[in-house]
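Here the protein sequences come in this chain order: A and B. Quick note on numbering: this note's numbering labels position 436 of the first sequence as 436, and the sequence is numbered without any gaps. Quick note on numbering: this note's numbering labels position 360 of the second sequence as 360, and the sequence is numbered without any gaps.
Hints are computed from structural coordinates only; laboratory data are not their basis. Any given hint could be a false lead.
Restricting the straight-line Cα-Cα distance to at most 35 Å, the calculated cross-link-like pairs of lysine-lysine (DSBU-like) are [stated by the list, open to error]:
1. LYS154(A) - LYS164(B)
2. LYS400(B) - LYS93(B)
3. LYS401(A) - LYS154(A)
4. LYS428(B) - LYS286(A)
5. LYS254(A) - LYS400(B)
6. LYS97(B) - LYS164(B)
7. LYS428(B) - LYS98(A)
8. LYS400(B) - LYS98(A)
9. LYS93(B) - LYS159(A)
10. LYS159(A) - LYS164(B)
Just so you have them, the derived chain A footprint on chain B, three or more residues with Cβ under 8 Å [as the list claims (entries may be wrong)]:
11. 5-17
12. 48-57
13. 235-243
14. 399-405
Glycine included, every Cβ here is placed at the ideal spot set by N, Cα and C.
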Amino acid sequence: MDLLLLPALILIPLVAGVAILLGAPAQRTALAAAVLNVAASLYPLITYWKTQCDCWDWGFQVLSNPEINLRLGFASGASAVMLALSVIVTLAAVHSGKCPEGRERLWYSSSLFIAAGAIGAFLSSDVFFFYAFHELALIPTFLMIGILGRGDRKATAWKITIYLAFGSIVLLAGLILAVTQMPSWSIADLTAAPRHQNEIALLLIIGFGTLVSLFPFHSWAASAYASAPAPVAMLHAGVLKKFGLYGLLVIGMKVAPDGMLHWLPWICVLLLGNIIWVGLVTINQKRLDLMLGNSSVMHMGYIFLAVAALSANPENSIAEPAAVLLMFAHGISIALLFSLASVIERKTGTLEISQLGGLAKTAPALAFVFGLAGMASIGLPGLANFAGEIMVFFAGFADWKPADGLGWVQVTTIIALWGVVLGAVYMLRAYRNTFQGPLVKATESASDIGLSEKIPTYFLAATLLVVGVYPHIILQFL
Amino acid sequence: MQPHIIEFITVGFGLVLLMFEAFSNGNKSRIGLIAAGGLAVILAMLFCPAPEGYAVPGWMERFYGDSAVARFYKIIAVVSTILVLLMAVDFHKVLSKFTTGDDTGSGTGEFYCLPVFACAGLMWMASARDLVSIFVALELVTITFYVMVAYMRRNVGSVEAGVKYLILGALSTGFLVYGIAWIYGSLGTTDVSLFTSVLAEGKFNHTYLLFGIALILIALGFKVGAVPMQLWIPDVYQGAPTPVTAYLSVASKAAGFLVLMTIIEPFLAADATSSSVTLILLVMTGATLVYGNLSAISQSNFKRLLAYSSIAHAGFLLMGVASVGFTAVSFYLGTYLLMTFAAFYVLALIRAEEESDEIDAFDGLGTRNPVLAIALTIAMAALAGVPLTAGFWGKFLIFKSAITAEVSWWLIGIAFVSVAAGFYYYLKVVKAMYWNAPRNEKAIAVPTITMVVLAALTIAIVFLGVYPQPILDLLR
């Protein structure tokens, strides 16, 4: 009976989404589904947290030849952490943003479908459904950006579709090439592929890399998040984008460790592209949403650094926990920032940084939470991202002996450290120009966040604080 | 029920239906319903197990075989014929307008009888085991199609399509007969089941045989819509009555692939011919994928889009044939039936409503009829190969067999890029439905039959997207 909790976690948002399309009250149904999902996930998460047992394994065979199962469970601790991230961000996302009049059905059902896809992907312990559930989330993303997005929404929706379709197809090629050499499709049974390791690793790096916005396949991400309605930006940047990194950690490293090592220099160069190049691009942004989108792309570089450290040394015991912790922290912080950016746009009518100023005077609570999330995002100690980032940097030098000299990973880590400075520059500057200084026309009559906005933002902010102070709460899963 | 009796029953039913049609008057669309009902009974017969110890009668053994795969294709034939007939019933106003010139429907009776004969031909083709019986069954189907394509005689497009189909069809028939003659000349038999042993003996002229195979591949390329014999497809698809287009797209293609697999299997298995035949198939696959997808991208007419995409699907299927993934090909065709018919049902409805097949006729469908728009979105997603729809499994299994067989990495690369291209042009329709403002605010009413069939197809696409095993079970 307990085991049915896992399929229920996917079915609840799916059924609620369909119910909304068929006429159920949109906002209430979505909220009820999100709350129910948080509640339903607690028991599996707590039992896994305590025992790391493989008792949460549920599934049935959907195809006999090749044998493919719809198998749900915690493929690794990362899977449990990602589930926690998904349900938390979903709850905040259905609270966030202002739904345009008359589009409630599309707005809330799409958000729930994206959530169902993300939860399904992270819960799947079979490669096939891991891939399939992720794809499920892309169609509502496409529709939401195209119909309810901002700015040049149609062009952005096409761009994201083409990029993600391309990434998914390359990824599928890599996955099929890998698992056709395996006895089964179960993630638990994956081992190093006997042949074509370099090709598999290349396909997975390009495929997963495009989905994660690894440089130079990153240009879809910032504009997509800037265009997307708040819940989509939160779910996509906060949760769905972690799919690629999660995939590299739980599948890529298992099936093609030699291939990953073969491409290590490239991974190092590209991730520095994310951190340094995109970091510089982020400094130059004039709009708050584009700045957040680019900063999100930049931070993926740090998580890739952990992947690189693991590729260089599969025995590295810090790298995977570091990556997972940072994925969780980044997911929460970026979701919170996108949610607050949507609030700022609603209150002031603009996200142009040059047209904002002094918002802290009229909206102190908003300024406080944004400041907290912004500081978390750039790795201020005491908040969740700091713990993740510092562990990533440690991972770069784990098991390193000075006598060996500096390898690819160590050099990359040293350069990547400068990204922290870039982060501080763009975030502090944006914060100062938005919240400090004298009031301007757009901000003088802006009101502070109301109770309905406070609930999700405080919830996410508290999560950042709790994990920041006590990261063991996440690391215990790993 | 003895399997071979069912085909005779189908022909008999078609004849009775023709008689009934001759003596009935007024609106003939009820004949379509009777025909669909009769075929539903025949479908039920197909699901009845053969009697204990059943064997094909001696006098039929030479040209008729019974197997699970044959039964699977017969199910595809009957189901698609039923769906065509039901679509034609809801399509009767358009049909009537372009045949009798009014909306009485008095002269449309044969249109509902002909698919029954085509269905019988398709069923025979599924069991045909000899080049001659394959040819006869194929012609029964093709000649019926000539009539159906050109049925709307007051519509220039339909007549033009019929003539084009007739001329090119006759050409392909020529190629087929000529190819059969060369194979017979080389191997000394037209019995496909003997090919393997004759090839193993090695007493044949290699060049003559390959020439024969090449001719047959060209002829069958016409039937399945593969390059270099694909040129008829866009014009014929566009001109033919929409139910016939759907029929061509699904049943005719399925039958063509079954025949292709039946004939080509011994040659792919034999050392003497396998590398040459595989090479020809790979070249055809690559060209078909590139042509179909590149052409589909620029289409603004939905019927032509489906026509070019059907060429692209033929490319994927050919890749399955080349990698000897016959189960994957059959599986693909089973799922292709569902999604293509769902798309054509919506198209037929919009065609009747807007008098246009253009993609912009779908503008704003999301607000004019959300249920219809969701059904078409699911069908388009399935055609594009989005996971958790039936269409994904088909592509997935084809790719799996191609990668396992390591047929050609270049070709697999082209095929993967083709899938990405498919996302682009199928989503163009989804975009029109949701992003574009509607041409008018009038809500679209959906006739009961279309509604029920669409609901069934959509549910099947999603259900089989999660649990595809039932299709695989049918193939065992």
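- Item | Three-residue Cβ test at 8 Å for the coverage of the region 235-243 of chain B by chain A | Coverage by chain A is violated here, the residue count being 0 at a Cβ distance below 8 Å.
- chain A covers the region 5-17 of chain B, three or more CB atoms within 8 Å, holds or violated: violated (count 0)
- Query: Can the restraint linking LYS400(B) and LYS93(B) be considered satisfied, given a maximum Cα separation of 35 Å?
  - Reply: violated, 45 Å
- Item | Agreement of LYS428(B) and LYS98(A) with the hint, judged by alpha carbon distance not exceeding 35 Å | holds, 28 Å
- Task: Take a quick look at whether LYS254(A) and LYS400(B) sit within 35 Å of each other, Cα to Cα.
- Result: holds, 20 Å
- Between LYS93(B) and LYS159(A), is the straight-line Cα distance small enough, at 35 Å or below? violated, 42 Å
- Hinted pair LYS400(B) and LYS98(A), Cα distance within 35 Å: violated, 45 Å
- Restraint status (C-alpha distance of LYS154(A) to LYS164(B) at most 35 Å): Answer violated: LYS154(A) to LYS164(B) is near 39 Å, above 35 Å.
- Message: So is the region 48-57 of chain B in contact with chain A by the C-beta rule, three or more residues under 8 Å, or is the coverage claim wrong?
- Response: Coverage by chain A is violated for the region 48-57 of chain B (0 residues, Cβ < 8 Å).
- Message: Is the coverage entry for the region 399-405 of chain B by chain A consistent with the three-residue Cβ rule at 8 Å?
- Response: holds (count 4)
- Keeping to a limit of 35 Å between CA atoms, is the pair of LYS159(A) and LYS164(B) held or broken? Status violated; Cα separation ~39 Å.
- Item | Distance restraint between LYS97(B) and LYS164(B), which requires alpha-carbon spacing of 35 Å or less | Holds, because 22 Å separates the two Cα atoms, which is no more than 35 Å.
When each numbered hint is compared with the structure, violations occur for hints 1, 2, 3, 8, 9, 10, 11, 12, 13.
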